[in-house]
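Protein chains in written order, with the numbering used here: chain E, 1 to 338; chain R, 1 to 512.
Think of the hints as simulated: they come from the structure by calculation, not from any bench.
Check the hints yourself; a few may be wrong.
[Said to hold, decoys possible] In silico lysine to any residue, SDA-like type, Cα no more than 20 Å apart, as pairs:
| # | chain 1 | residue 1 | chain 2 | residue 2 |
| --- | --- | --- | --- | --- |
| 1 | E | LYS231 | R | GLN390 |
| 2 | E | LYS232 | R | ALA383 |
| 3 | E | LYS232 | R | LYS347 |
| 4 | R | LYS358 | R | THR214 |
| 5 | R | LYS198 | R | GLU167 |
| 6 | R | LYS347 | E | GLY229 |
| 7 | E | LYS231 | R | GLU329 |
| 8 | E | LYS231 | R | GLU167 |
| 9 | R | LYS288 | R | GLY255 |
| 10 | R | LYS198 | R | ALA234 |
| 11 | E | LYS206 | R | GLN393 |
| 12 | E | LYS206 | R | VAL337 |
| 13 | E | LYS232 | R | ASP378 |
| 14 | E | LYS206 | R | ALA383 |
| 15 | E | LYS206 | R | ARG379 |
| 16 | R | LYS198 | R | SER98 |
| 17 | E | LYS232 | R | GLN343 |
| 18 | E | LYS206 | R | ASP378 |
| 19 | E | LYS231 | E | TYR160 |
| 20 | E | LYS206 | E | ALA195 |
| 21 | R | LYS347 | R | GLU329 |
| 22 | R | LYS327 | R | ARG338 |
| 23 | E | LYS206 | R | ILE382 |
| 24 | R | LYS87 | R | ASN130 |
| 25 | E | LYS231 | R | SER341 |
| 26 | R | LYS347 | R | LYS358 |
| 27 | R | LYS403 | R | GLY384 |
| 28 | R | LYS87 | R | LYS108 |
| 29 | R | LYS358 | E | LYS60 |
| 30 | E | LYS60 | E | ARG182 |
| 31 | R | LYS198 | R | VAL409 |
| 32 | R | LYS87 | R | CYS127 |
| 33 | R | LYS358 | E | LYS232 |
| 34 | R | LYS403 | R | GLY255 |
| 35 | R | LYS288 | R | ALA171 |
| 36 | E | LYS206 | R | SER98 |
| 37 | R | LYS358 | E | ARG182 |
[Stated by the list, open to error] Computed Cβ-Cβ distance ranges for the label pairs, DEER-style:
| # | chain 1 | residue 1 | chain 2 | residue 2 | range |
| --- | --- | --- | --- | --- | --- |
| 38 | E | GLY321 | R | GLY132 | 45 to 53 Å |
| 39 | E | LEU269 | R | ARG389 | 48 to 56 Å |
| 40 | R | ILE244 | E | LEU140 | 34 to 42 Å |
These numbers were taken from a predicted model, which means no experiment stands behind them.
The beta-carbon is built from N, C-alpha and C at its ideal position, and this holds for glycine as well.
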Amino acid sequence: MITNTSNVALTTPATGSESAPSLSRRQSTMTYVHQYGIIVAFFLLCVGLSLSSEYFLTPKNIINVLRQTSINGILAIGMTLVILARGIDLSVGSVLALSGIVAASLATGETPQPAWVAVTAGLGVGLACGLVNGLVISRLSVPPFVATLGMLSVARGLTYIYSEGMPIPDLSQSFLWLGQGRIWQIPVPVLFLAATFIIFWVVLNKTVFGRYIYAVGGNERSARTAGIGTKKVLVAVYGLAGMLAGLGGLILTARTTAGLPQAGQSYELDAIAAVVIGGTSLNGGVGTIRGTLFGALIIGVINNGLDLLGVSSFYQQVVKGCIIVCAVLLDPARRFRD
Amino acid sequence: MKQEPNLAPGHLPDNGPPLLLSADGVTKSFNGVPALRNGVLKLRPGSVHALCGGNGAGKSTFLSILMGILQRDGGDIQVDGREVHFKNPRQALEAGISIITQELSPVKGMTVAENLYLGREPRRLGCFVNHGRLNAIAAELLDRLGFRIQPTSLMSSLSLAEMQLVEIAKALTHDSRILIMDEPTSAIGQHETELLFKAVRQLRSIGAGIIYVTHRMTEIFELADDYTVFRDGAFVESGAIRDIDRRHLIRQIIGRDAASQFRSVAPVTVKREDRPLLETRHYACGSKFGEVNLTLHPGEVVGIYGLLGSGRSEFLQSLFGLEAGVKGELRMNGEAVRVRSPQDAMKQGMALVTEDRKGSGLVLPLSITENIAMSSLDRWSIAGFVNRRQEAQGVQEMVEKFKIRAASVNLPVQYMSGGNQQKVVLGRWLQTRPRLLLLDEPTRGIDEGAKQEIYRFMTEFTSAGGAIIMVSSEVDEVLGMSDRVLVFRRGFPCRESRDGPLTREELVHLAA
Numbered sequence: 001m002i003t004n005t006s007n008v009a010l011t012t013p014a015t016g017s018e019s020a021p022s023l024s025r026r027q028s029t030m031t032y033v034h035q036y037g038i039i040v041a042f043f044l045l046c047v048g049l050s051l052s053s054e055y056f057l058t059p060k061n062i063i064n065v066l067r068q069t070s071i072n073g074i075l076a077i078g079m080t081l082v083i084l085a086r087g088i089d090l091s092v093g094s095v096l097a098l099s100g101i102v103a104a105s106l107a108t109g110e111t112p113q114p115a116w117v118a119v120t121a122g123l124g125v126g127l128a129c130g131l132v133n134g135l136v137i138s139r140l141s142v143p144p145f146v147a148t149l150g151m152l153s154v155a156r157g158l159t160y161i162y163s164e165g166m167p168i169p170d171l172s173q174s175f176l177w178l179g180q181g182r183i184w185q186i187p188v189p190v191l192f193l194a195a196t197f198i199i200f201w202v203v204l205n206k207t208v209f210g211r212y213i214y215a216v217g218g219n220e221r222s223a224r225t226a227g228i229g230t231k232k233v234l235v236a237v238y239g240l241a242g243m244l245a246g247l248g249g250l251i252l253t254a255r256t257t258a259g260l261p262q263a264g265q266s267y268e269l270d271a272i273a274a275v276v277i278g279g280t281s282l283n284g285g286v287g288t289i290r291g292t293l294f295g296a297l298i299i300g301v302i303n304n305g306l307d308l309l310g311v312s313s314f315y316q317q318v319v320k321g322c323i324i325v326c327a328v329l330l331d332p333a334r335r336f337r338d
Numbered sequence: 001m002k003q004e005p006n007l008a009p010g011h012l013p014d015n016g017p018p019l020l021l022s023a024d025g026v027t028k029s030f031n032g033v034p035a036l037r038n039g040v041l042k043l044r045p046g047s048v049h050a051l052c053g054g055n056g057a058g059k060s061t062f063l064s065i066l067m068g069i070l071q072r073d074g075g076d077i078q079v080d081g082r083e084v085h086f087k088n089p090r091q092a093l094e095a096g097i098s099i100i101t102q103e104l105s106p107v108k109g110m111t112v113a114e115n116l117y118l119g120r121e122p123r124r125l126g127c128f129v130n131h132g133r134l135n136a137i138a139a140e141l142l143d144r145l146g147f148r149i150q151p152t153s154l155m156s157s158l159s160l161a162e163m164q165l166v167e168i169a170k171a172l173t174h175d176s177r178i179l180i181m182d183e184p185t186s187a188i189g190q191h192e193t194e195l196l197f198k199a200v201r202q203l204r205s206i207g208a209g210i211i212y213v214t215h216r217m218t219e220i221f222e223l224a225d226d227y228t229v230f231r232d233g234a235f236v237e238s239g240a241i242r243d244i245d246r247r248h249l250i251r252q253i254i255g256r257d258a259a260s261q262f263r264s265v266a267p268v269t270v271k272r273e274d275r276p277l278l279e280t281r282h283y284a285c286g287s288k289f290g291e292v293n294l295t296l297h298p299g300e301v302v303g304i305y306g307l308l309g310s311g312r313s314e315f316l317q318s319l320f321g322l323e324a325g326v327k328g329e330l331r332m333n334g335e336a337v338r339v340r341s342p343q344d345a346m347k348q349g350m351a352l353v354t355e356d357r358k359g360s361g362l363v364l365p366l367s368i369t370e371n372i373a374m375s376s377l378d379r380w381s382i383a384g385f386v387n388r389r390q391e392a393q394g395v396q397e398m399v400e401k402f403k404i405r406a407a408s409v410n411l412p413v414q415y416m417s418g419g420n421q422q423k424v425v426l427g428r429w430l431q432t433r434p435r436l437l438l439l440d441e442p443t444r445g446i447d448e449g450a451k452q453e454i455y456r457f458m459t460e461f462t463s464a465g466g467a468i469i470m471v472s473s474e475v476d477e478v479l480g481m482s483d484r485v486l487v488f489r490r491g492f493p494c495r496e497s498r499d500g501p502l503t504r505e506e507l508v509h510l511a512a
């Protein structure tokens with residue numbers, strides 16, 4: 001089966017346009033399954049859960065799931081850029097904590113800074129960490145795994161140094177709004193996720209920069225030969241991933257009402273999981289941001305559903321792990337691609 | 001045995017030795033699309049049999065069936081007169097058939113000897129690898145073949161050509177009597193090719209049968225005894241090489257008379273007052289290539305010939321800003337310029353088609369559109385947003401110009417044939433409106449029809465005032481396409497042959 005498909009693809013185009021339509025039909029079928037399989041899986045999961053728990057489909061629970069998904073979703077969108085560019089970012093959890101704690105320190109005390117100052121500082125810290133990652137990877141040719149593993153440790157350490165290991169509570173009301181406010185009944189974190197999704201969907205699908213990310217991830221040497229400034233693209237990608245980690249840090253801090261130095265541990269793994277479930281190839285150059293969104297939603301729904309069904313959180317981890325592997329295993333496009 | 005009505009008369013007398021391999025009427029379809037409609041091949045012991053055909057002729061499918069990678073839908077295949085049905089490559093290997101493909105699969109972290117006998121290492125006590133003996137038998141094999149490669153070297157330290165030789169030696173370790181070689185010389189130089197031919201002739205002399213697949217006519221006429229042509233998935237003709245000429249074979253392969261094979265225009269006569277497009281003076285790059293002093297005028301094609309490792313590719317790379325440590329002067333239109341990156345080179349109107357299409361030319365998972373547009377997006381965008389209409393138009397122009405055949409421009413280029421892939425690369429660069437084309441092995445691994453189209457494009461490009469520097473290891477191509485030839489030799493300044501036509505022998509001699 002595997003060889004069959006690839007052979008059709010290899011031989012058909014060369015024999016001319018007469019036999020071409022069959023290929024295009026195949027191709028579009030595969031693309032169709034690839035793009036919508038994850039969405040179908042998501043809705044099947046929702047149907048299953050709504051049959052097992054009457055509470056699942058209530059507006060309150062749906063909003064709850066979305067809110068719980070928002071931080072991982074935002075991190076996963078940044079991670080999608082990085083993985084599309086054939087990299088990995090293990091530092092997002094730590095960067096999230098560092099940004100959160102810096103923002104919290106500005107939004108607390110007798111006379112807290114206005115929220116926009118804290119927000120700018122938090123995003124700036126995330127961006128700076130990401131840019132360092134990008135520069136170390138592109139200019140010094142350190143493998144992304146190693147460079148961001150280093151940043152994971154450095155950023156976490158800086159978080160503890162900066163906070164002296166203590167939580168930073170008593171945040172200003174305007175800052176807390178980021179995590180707890182609502183607009184037309186929709187929690188602000190969910191709106192942040194929606195905005196991030198739209199912005200980066202446009203970036204990846206409509207802009208030259210987005211094209212360059214796919215090209216650099218698909219084949220860096222070819223991209224360079226084609227005249228693309230591959231190093232700049234990589235620096236920008238890691239910078240953006242860092243900034244989105246910063247945004248995640250702001251939201252988490254506001255939701256938990258305090259800057260916590262230990263926040264965000266192993267968040268990078270959930271972000272990677274969402275990207276992988278969403279069908280993005282770890283080999284770079286192949287994947288969509290919509291897939292990632294549904295990947296994050298699937299993780300959110302599973303956590304929520306297992307809670308509703310009264311499954312212990314220990315089992316939840318086992319289930320989640322199995323689903324990550326199965327999602328990749330069952331992805332029909334994967335075989336075609338490889 | 002069946003009758004073979006298609007065979008040329010006088011070929012394969014009935015009283016000859018029994019055939020090593022006989023395939024007849026082999027068919028194979030994929031989801032109803034026939035890839036092979038009638039595969040026929042008769043392999044005599046002690047012969048080299050050229051299997052010819054363009055991309056999509058069904059050769060790969062046929063060979064995959066012989067090797068047990070695919071199973072046939074119908075037809076007969078007999079090895080030594082016995083009907084066979086290989087279910088996997090292992091069974092084919094056990095029946096004495098091995099294959100050397102274009103795609104190399106070395107374990108790079110292991111030594112040459114370990115790669116040669118992977119999975120069949122001589123052992124001590126049944127579980128420890130006997131390294132002494134392993135290296136000894138490997139050394140003996142490499143020596144017998146005349147390959148100058150140390151069995152203890154790491155695979156990762158070898159050049160591409162050397163890896164190819166190891167791959168060839170590896171196929172020979174199986175003591176196969178039927179050896180399939182699929183474009184074995186596409187990545188190696190003249191010298192290695194000669195070694196390979198020597199090894200092939202040696203195998204032939206001990207009674208092995210070799211099925212040899214190549215797009216290079218010269219090799220077929222130098223090496224092969226018999227030939228078989230496939231076209232559009234079906235057997236067309238077979239016979240003895242000595243009975244036919246090049247023209248006949250090309251006609252059988254592409255199904256029509258080949259137009260004039262190389263450039264048809266008269267050589268350019270450069271006027272003194274014409275300003276050269278490119279000049280290099282004392283241009284050299286450390287240990288990679290010696291001094292190059294080249295003056296190139298609009299309308300000219302300069303061919304570069306040299307052995308592997310002579311620095312011919314590195315020269316093109318350096319012009320395009322991909323090599324560090326270049327010394328000397330580079331002038332474009334009479335002005336001294338510095339080219340430090342491909343972006344700089346593109347600003348000077350250069351374009352580079354690399355020799356490794358898949359490794360440094362295309363982004364395989366991306367579509368035809370995305371690959372062609374890649375270098376022109378600055379022009380085809382507004383405020384960083386891709387202008388889809390301009391892009392589609394620009395891509396369509398190239399698809400039509402180069403007759404790129406594909407179901408859709410959204411098809412990932414990894415599913416295209418080599419010839420069509422190369423046209424995508426050319427299309428990308430043509431859209432940057434270059435004046436100087438740097439072509440590194442522009443016709444490697446592509447079929448005769450596509451080759452002709454690329455030659456035609458080169459002629460058109462220079463007629464319109466462009467200039468081309470072309471590296472090629474095909475002597476005929478270099479001689480047929482170039483106004484002048486530069487000969488590269490490792491560690492020496494390059495030499496230019498300006499006066500009078502060169503012969504094949506002179507060229508090869510100069511490079512060695």
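Going through the hints against the structure:
At most 20 Å may separate the alpha-carbon atoms for a hinted pair to count; LYS231(E) and GLN390(R) exceed this at roughly 27 Å. Restraint check for LYS232(E) and ALA383(R): the C-alpha separation of about 18 Å stays at or below 20 Å, so the hint holds. A threshold of 20 Å between alpha carbons decides the hint, and for LYS232(E) with LYS347(R) the separation of about 18 Å falls inside it, so the pair holds. A threshold of 20 Å between alpha carbons decides the hint, and for LYS358(R) with THR214(R) the separation of about 19 Å falls inside it, so the pair holds.
This hinted pair checks out: LYS198(R) and GLU167(R) have alpha carbons roughly 16 Å apart, not beyond 20 Å. Restraint check for LYS347(R) and GLY229(E): satisfied, since their Cα atoms lie roughly 14 Å apart, inside the 20 Å limit. Between LYS231(E) and GLU329(R) the CA atoms are separated by roughly 27 Å; this puts the pair beyond 20 Å, and the hint is violated. With a C-alpha separation of about 36 Å, the suggested pair LYS231(E) and GLU167(R) falls outside the 20 Å cut-off, and the hint is violated.
The hinted pair formed by LYS288(R) and GLY255(R) fails the criterion: a straight-line CA distance of about 43 Å is larger than 20 Å. Straight-line distance between C-alpha atoms of LYS198(R) and ALA234(R) comes to about 32 Å, which puts the hinted pair past the 20 Å bound. The suggested pairing of LYS206(E) with GLN393(R) holds, with an alpha-carbon distance near 17 Å, which does not exceed 20 Å. With a CA separation close to 35 Å, the supplied pair LYS206(E) and VAL337(R) exceeds the 20 Å bound.
Annotation: proposed proximity of LYS232(E) to ASP378(R) holds, straight-line Cα distance about 15 Å (limit 20 Å). For a cut-off of 20 Å, the pair hint linking LYS206(E) to ALA383(R) stands: about 11 Å separates their Cα positions. For the hint linking LYS206(E) to ARG379(R), the alpha-carbon distance of about 15 Å falls within 20 Å, and the restraint holds. The straight-line distance between the Cα atoms of LYS198(R) and SER98(R) is roughly 18 Å, inside the 20 Å bound, and the hint therefore holds.
This hinted pair checks out: LYS232(E) and GLN343(R) have alpha carbons roughly 13 Å apart, not beyond 20 Å. For the given pair, LYS206(E) sits about 13 Å from ASP378(R) by alpha-carbon distance, which is consistent with the 20 Å threshold. With a C-alpha separation of about 32 Å, the suggested pair LYS231(E) and TYR160(E) falls outside the 20 Å cut-off, and the hint is violated. For the suggested pair LYS206(E) and ALA195(E), the alpha carbons sit about 16 Å apart, so the restraint of at most 20 Å is met.
For the suggested pair LYS347(R) and GLU329(R), the alpha carbons sit about 18 Å apart, so the restraint of at most 20 Å is met. About 11 Å separates the Cα atoms of LYS327(R) and ARG338(R), which keeps this hinted pair within 20 Å; it holds. Under the criterion of a C-alpha separation no larger than 20 Å, the hint pairing LYS206(E) with ILE382(R) is consistent with the structure, at around 11 Å. Distance hint between LYS87(R) and ASN130(R) is unfulfilled; the C-alpha atoms sit about 33 Å from each other, more than 20 Å.
With a C-alpha separation of about 12 Å, the suggested pair LYS231(E) and SER341(R) falls inside the 20 Å cut-off, and the hint holds. For the suggested pair LYS347(R) and LYS358(R), the alpha carbons sit about 25 Å apart, so the restraint of at most 20 Å is broken. A hinted pair counts as satisfied when its Cα atoms are at most 20 Å apart, and LYS403(R) with GLY384(R) does not qualify at roughly 30 Å. Taken as a hint, the LYS87(R) and LYS108(R) pair is broken in the structure, with Cα atoms around 29 Å apart against an allowance of 20 Å.
Of the pairs offered as hints, the one joining LYS358(R) and LYS60(E) is violated, with about 52 Å between alpha carbons and a cut-off of 20 Å exceeded. Of the pairs offered as hints, the one joining LYS60(E) and ARG182(E) holds, with about 13 Å between alpha carbons and a cut-off of 20 Å not exceeded. Between the alpha carbons of LYS198(R) and VAL409(R) the distance comes to roughly 44 Å, so the proposed pair goes past 20 Å and is violated. With a CA separation close to 30 Å, the supplied pair LYS87(R) and CYS127(R) exceeds the 20 Å bound.
Annotation: proposed proximity of LYS358(R) to LYS232(E) is violated, straight-line Cα distance about 23 Å (limit 20 Å). Proximity of LYS403(R) to GLY255(R) is assessed by CA-CA distance (about 18 Å); at most 20 Å being required, the pair is judged to hold. Using a Cα cut-off of 20 Å, the hinted pair LYS288(R) and ALA171(R) is violated, with the two alpha carbons roughly 32 Å apart. A threshold of 20 Å between alpha carbons decides the hint, and for LYS206(E) with SER98(R) the separation of about 49 Å lies outside it, so the pair is violated.
For a cut-off of 20 Å, the pair hint linking LYS358(R) to ARG182(E) is broken: about 51 Å separates their Cα positions. A beta carbon spacing of about 47 Å between GLY321(E) and GLY132(R) agrees with the range 45 to 53 Å that was offered as a hint. In this structure the supplied range 48 to 56 Å is violated for LEU269(E) paired with ARG389(R), their Cβ-Cβ distance being about 42 Å. Checked against the hint of 34 to 42 Å, the C-beta distance between ILE244(R) and LEU140(E) comes to roughly 59 Å, which is inconsistent with it.
Of the numbered hints listed earlier, those contradicted by the structure are 1, 7, 8, 9, 10, 12, 19, 24, 26, 27, 28, 29, 31, 32, 33, 35, 36, 37, 39 and 40.
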